[in-house]
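Chains as they are written, first to last, in the working numbering: chain A, -3 to 384; chain B, 111 to 234.
Careful: at least some of the hints might be erroneous.
Claimed, not checked - Derived pair list, reagent style SDA-like, types lysine to any residue, alpha-carbon separation capped at 20 Å:
| no. | chain 1 | residue 1 | chain 2 | residue 2 |
| --- | --- | --- | --- | --- |
| 1 | A | K241 | B | D207 |
| 2 | A | K152 | B | T164 |
| 3 | A | K152 | B | A213 |
| 4 | A | K241 | B | A213 |
| 5 | A | K241 | B | R233 |
| 6 | A | K241 | A | E262 |
| 7 | A | K152 | B | D207 |
Said to hold, decoys possible - Which residues of chain B face chain A? A few of them, derived with a C-beta cut under 8 Å, are:
| no. | residue |
| --- | --- |
| 8 | V123 |
| 9 | P147 |
| 10 | L154 |
| 11 | T167 |
| 12 | H172 |
| 13 | P176 |
| 14 | Q179 |
| 15 | Y184 |
| 16 | T186 |
| 17 | R195 |
Treat the hints as calculated values from the structure; they're not laboratory data.
Even for Gly, the Cβ is constructed at its ideal location relative to N, Cα and C.
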Amino acid sequence: MTSVRVAGVGLTQFGRHPDRTGRDLFAEAAFAARADAGVPRQDIEALHYGNFMGALAEHQAHQGPLVAEAAGLSCPATRYEQACASAGVAARQAIKDVRNGESDVVLVGGMERMTNLETAEVTESLAIAADELYEVRAGITFPGAYALMAQAYFSKFGGEREDLAHIAAKNHHNAVNNEFAQYQREVSVEEALDSPPVAEPLHLFDACPITDGASALVLVSDEYAEEHDVDAPVEITGTGQGGDKMALQDREHLAQTPAATKAAEEAYADSGRRPEDIEVAEVHDCFTIAEVLALESLGFYDPGEAIGAARRGETTRDGDRPVNLSGGLKAKGHPVGATGGSQLVEMTRLLRGDHPNSDVVADAEVGLTHNAGGTVASAVVHVLEVVN
Amino acid sequence: MADSGYDEWIAAVEAGEGYYLECPEGHGSLPPRRTCPHCGALELGEEPLPESGTVETYSVVHVAAPSFQGDTPYATAVVDFGPVRLTGVVRGVEFDDLEVGTAVGVTVEEHETTGDPVVVFRRR
Ligand SMILES: [Zn+2]
């Protein structure tokens, strides 16, 4: 089986671009990825593209061919919708596409346009990632659903809001140098604790912001990279995906995310790596509690143990295993359909050495990305490695 | 707009005749459902919903979607009724008194923003 190399990566600035169309945002990221890869556009054989709420936010479905055209491509283009894991599953399909020999060069990424809507409309749009009949009609919002998980975690394992505030502070600290991040500013633990409640125990600074943005990567087979002398030092060596019941009430666990555990186990087996091999990770911290659940599902911690990881300094930039050096969804921003792709972009840059925080993990050769959909009814995990 | 299966279930809970679906293995689930989500069994019968459940987790929501904006702040909970869990709004309990393990019953009431039916838990 061929191996899959990252030839180029691109992002837009994550933040508020209420007047920019989705097609324009994606084209910018795609152009950046193509320029970084140095691969001619005619060689791109497929586009795998993630988007969640475009039909609501822009009244635009069937976005695959639309954004391919905007990016200057003439190839089959498919949109994947998997809530916040849309670009994660798009990347997984792109990897399979290259591995199975179907394509040698693919473009993958995602886009979300959110700030053109009022906050209440965004809240309503995001909620449809939950079960409409049994959750949304019962008053569940997206923060509300994660709040139920946070309270379940506190009840089962312990922990308190201050533990979560340390995660927010850590991720904001990491975003200060990241030119693509929405919030390049510090947030103190006290500031996070004092922010207004959204869905208790979660407060405003436990939540990721509403964000516009796009991500893109050019993936190539190692044969293509060799033949065309493409500089592509990072390989995606593992991919995995897991699923769970849609509604929280139907899950076996309210304080654990088995879909992510399954995705991680599959990605570890695929790459031949184990949790202890992972030197740096980008995980799906749409809410601070989500980072805790992710670290436990990934096998970095036993259930109930990750709540204090940031507070103890284990996942901070000077800790043993830095998590979310990009700033995470919390500070970098969470343009839903673009997020899974942006994690792969950030990890590639961290491992290549051209990320503003690369010096934090100067010797790192193995990284991981974790992208969750909804309240982790789906999850995608990828392992990335530097090849010599 | 009608949602067959769900609408009948809401009406039954409102009438105090709530039920859940049970497969031959004893797994519980909620309609509409053609197969047991746990074991795939096709034979699903209706069983009465237990009268009392316990709060398994809860949240007080301050920022709502437009359809619930007039209800804020409100408490939501996932309540364990044994064979199934339900999600809904908790009424008649002071927020400070709400805790994991609180015993509640289930009913259906109108919610304040739109008057639509909503699953409501009240202390038993
Ligand atoms: Zn069954």
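Problem - Evaluation of the interface hint that places B:T186 against chain A, nearest CB under 8 Å - result: OK, holds: B:T186 within 8 Å of chain A, min 5 Å.
Handout entry: Interface hint compliance - B:H172 to chain A, C-beta minimum distance less than 8 Å
Key = This hint holds: B:H172 lies near chain A, its Cβ roughly 5 Å from the closest one there, short of 8 Å.
Handout entry: Given hint A:E262 paired with A:K241 - CA-CA distance at most 20 Å
Key = holds, 19 Å
Handout entry: Status of the B:R195 interface restraint (C-beta, 8 Å, chain A)
Key = Status holds, d = 4 Å.
Practice task
So, B:V123 near chain A? Judge it on the closest CB pair being under 8 Å.
Solution key: Because about 12 Å separates B:V123 from the closest Cβ in chain A, which is outside the 8 Å limit, the hint is violated.
Exercise for the section: Decide if the proposed pair is consistent with the structure: A:K152 and B:A213, CA atoms, cutoff 20 Å inclusive. Expected result: holds, 18 Å
Practice task
With a cut-off of 20 Å on the C-alpha distance, tell me whether A:K152 and B:T164 pass.
Solution key: holds, 15 Å
Handout entry: Restraint check, 8 Å cut-off on beta carbons, for B:Y184 near chain A
Key = Because about 6 Å separates B:Y184 from the closest Cβ in chain A, which is inside the 8 Å limit, the hint holds.
Handout entry: Given hint B:L154 near chain A, where the shortest CB pair must fall under 8 Å
Key = violated, 15 Å
Problem - Hint check, B:P176 versus chain A [nearest Cβ-Cβ separation less than 8 Å] - result: It holds, given that the least Cβ distance between B:P176 and chain A is near 5 Å, below 8 Å.
Handout entry: Hint consistency between A:K241 and B:R233 [alpha-carbon to alpha-carbon, up to 20 Å]
Key = This hinted pair is violated, its Cα atoms lying about 28 Å apart.
Handout entry: Satisfaction of the B:P147 interface hint, Cβ to chain A closer than 8 Å
Key = Holds, because the Cβ-Cβ distance from B:P147 to chain A comes to roughly 7 Å (cut-off 8 Å).
Of the numbered hints stated above, those contradicted by the structure are hints 1, 4, 5, 8, 10, listed in ascending order.
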